[in-house]
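2 protein chains.
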Amino acid sequence: MNEHIVKAYDEELTALAGQITEMGGLAEEIVSEAVLTLTRLDADKANEVIAKDARIDKMQTDLEEQAILLIARRQPVAGDLRDIVAALRISNDLERVGDLAKNIAKRVIIISDSVQSKKLTLGVEHLSEMAQMQLKNVLDAYAQRDEEMANLVRERDEEIDALYTSLFRELLTYMMEDPRQISMCAHLLFCAKNIERIGDHATNIAENVYYMERGEMPGSDRPKSDELSAIENGA
Amino acid sequence: MNEHIVKAYDEELTALAGQITEMGGLAEEIVSEAVLTLTRLDADKANEVIAKDARIDKMQTDLEEQAILLIARRQPVAGDLRDIVAALRISNDLERVGDLAKNIAKRVIIISDSVQSKKLTLGVEHLSEMAQMQLKNVLDAYAQRDEEMANLVRERDEEIDALYTSLFRELLTYMMEDPRQISMCAHLLFCAKNIERIGDHATNIAENVYYMERGEMPGSDRPKSDELSAIENGA
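Going line by line, the protein sequences match chains A and B.
To convert, take the position in the first sequence, counting from 1, and add 1089; that gives the numbering used here.
To convert, take the position in the second sequence, counting from 1, and add 1089; that gives the numbering used here.
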């Protein structure tokens, strides 16, 4: 490749990483806003969250297109190929995070006539603080290619799972105590599950930060001599 | 390209489509088995379903790898590129279908000590019959590149959504009537949601069958003159 093409290629790779960072920022924003609409039962704000999700969807489609074009045009190998594949996967995860936040917002609209109850939403708020921290940390880990920080995110996912399990039981107890709360609590169960799944996506992203650096998924027993590793090594 | 390379390339494309068909068959199987374990509250069988999901995950990873290699090595354009991109996306959807079935199986293990109740599970069974039919039809539409059948799948998704909504209300009513059923019904709510989401993935696959034929997603306002269309047209 001549110098001009190499420079354009590097710029395309940098642009792809920049798009992930931008998408990640938007994903953080939408999660934080979705949870805020839930604690305030604010249907107007919920509609804004739903509209914002469409922007994340569009970014994912654009990123996929650019990644495929990059692979076809530049035939990247080794680390470059891994970066592009990781960007493709991470954009899928961020798109799903947006969907999960949108689903919380949709439920807020359904339950917006209910009486606000700090007691009921407190657990969901706490869970979402943990999930948001995981999302923030894993996006930092991606931007800084920090494998160690990514590993911390993976390890902390079980704290979210444990809190979710205890919240699930707590909400069932509220349902049993007061049948008038059953509908509200059922929607809160789903909101809690969505947040727990946002944590799972943070973990997926962390696995892809590891993959970018190591060329395999963590805990994978895939032999390093397989075909993709071969092409990654320049074959 | 010489004749030998063209033949190898065609074989690779056919192999990719074959893998989607195989993954699809496995996804149909796992959904049907997950629902069966639910109606029978069969924890042993549920463990088999969980194990089977790992096979679908592995197939998705393999397919992604092969698709990326194909794009890098063959620099496909037009219809071939669309087929590969669609296969990538469809394999993601099928992998998610497997996850949702696995999640049903995990819940069966949790509630397996409950008393079997045909009344409670009947609605979930009915919903899953519709979702399974959608999955079967869309996989046929993919194999036969049948855009019309794919459109029918997209149209029928709202029937699943409507049935899910009525089932959600029904399960809440059972919870209010008998607080001892709250835990069981909460898990059934999630199982019903999982099945409704399997229907969404069938719709996503249908959209990709359309994309394979038309070069754009249905209802998309993306201009045909964008970059990916340009390379698809051989630029």
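Treat the hints as calculated values from the structure; they're not laboratory data.
Predicted model, so just to flag it, every value in this text is computed and none were measured.
Among these hints, one or two may not hold up.
Given that identical chains are not distinguished, each listed pair holds provided it fits within a single copy or across any two copies.
Below 30 Å or equal to it, Euclidean Cα-Cα: the simulated BS3-like pairs (lysine-lysine) are [unchecked claim]:
1) K1282 - K1134
2) K1207 - K1096
3) K1147 - K1208
4) K1282 - K1147
5) K1096 - K1141
6) K1282 - K1225
7) K1282 - K1096
8) K1282 - K1208
9) K1134 - K1225
10) K1134 - K1208
11) K1282 - K1141
12) K1282 - K1195
13) K1195 - K1096
14) K1282 - K1207
15) K1134 - K1096
Now the hints, each set against the structure:
no., hint, in the structure
1, K1282 - K1134, "both (21 Å within a copy, 25 Å between copies)"
2, K1207 - K1096, "neither (55 Å within a copy, 66 Å between copies)"
3, K1147 - K1208, "neither (37 Å within a copy, 43 Å between copies)"
4, K1282 - K1147, "both (25 Å within a copy, 25 Å between copies)"
5, K1096 - K1141, "neither (34 Å within a copy, 46 Å between copies)"
6, K1282 - K1225, "both (19 Å within a copy, 28 Å between copies)"
7, K1282 - K1096, "neither (45 Å within a copy, 48 Å between copies)"
8, K1282 - K1208, "both (18 Å within a copy, 26 Å between copies)"
9, K1134 - K1225, "within (22 Å within a copy, 39 Å between copies)"
10, K1134 - K1208, "within (22 Å within a copy, 39 Å between copies)"
11, K1282 - K1141, "both (21 Å within a copy, 24 Å between copies)"
12, K1282 - K1195, "both (14 Å within a copy, 15 Å between copies)"
13, K1195 - K1096, "neither (45 Å within a copy, 50 Å between copies)"
14, K1282 - K1207, "both (19 Å within a copy, 26 Å between copies)"
15, K1134 - K1096, "neither (43 Å within a copy, 56 Å between copies)"
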